[in-house]
Amino acid sequence: NAGVTQTPKFRILKIGQSMTLQCTQDMNHNYMYWYRQDPGMGLKLIYYSVGAGITDKGEVPNGYNVSRSTTEDFPLRLELAAPSQTSVYFCASSSGGAHEQYFGPGTRLTVT
Amino acid sequence: GQNIDQPTEMTATEGAIVQINCTYQTSGFNGLFWYQQHAGEAPTFLSYNVLDGLEEKGRFSSFLSRSKGYSYLLLKELQMKDSASYLCAVSLYGNNRLAFGKGNQVVVIP
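Those sequence lines, one after another, are chains D and Z. For the first sequence, the numbering used here assigns the number 1 to the initial residue and increments by one for each residue that follows. For the second sequence, the numbering used here assigns the number 1001 to the initial residue and increments by one for each residue that follows.
Since the hints were derived computationally from the structure, they do not count as laboratory data. Worth double-checking, as some hints may not be accurate.
To be verified - Derived CB-CB ranges, DEER-like:
1) 1070(Z) / 14(D): 42 to 48 Å
2) 1013(Z) / 96(D): 39 to 45 Å
3) 26(D) / 1081(Z): 24 to 30 Å
4) 1067(Z) / 18(D): 46 to 52 Å
5) 1055(Z) / 3(D): 20 to 26 Å
6) 67(D) / 1008(Z): 34 to 40 Å
Even for Gly, the Cβ is constructed at its ideal location relative to N, Cα and C.
Modelling step: build the complete structure from the supplied sequences, incorporating the hints.
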């Protein structure tokens, strides 16, 4: 199993550009999550999904969108990138209940 | 809302024991996780407590007191590879969301 994979690993965007961060898991997990982590800070939840076709906002959803058309994939869309979105983005998945979340390797995004 | 508090940094000597504390105030508590995060890497799971008491797993132990809103992670026989950030995360009842603290940076010196 590859676990949770994310692409790209690094990206530099100009202000106002858009991009999609890809996330795929091969563990057949129903629950998937997107977090952002700023330097010296914990993880903040952006969006999450409890199954295909179902998504919901987390703590910091503004400026982002998600979709969940399959169990495996949970892409995160940034529209009109802003410098405040410079961060490391982690995708995670879980089998639900109170089970541990498995994290992807992260995407380091810089908006200038 | 949730409030999760951890001290920010500590330094300890190789071979020593270090205790990392976490206090929390949340609604709908469904357990507490500890994750380890090395610099530039993703968090990895260390432990999970849902009942009061101590859970031991090799060199790592985790304790929970639900009435006090308090947990700690105990690292024994510290090794250089234990230099990392340790994240406390509360599982919120109903949708398996995690609310993370800011993390405690542990630096192990020879």
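> Which hints from the list above does the structure break, by number from lowest to highest?
Replying inline: none
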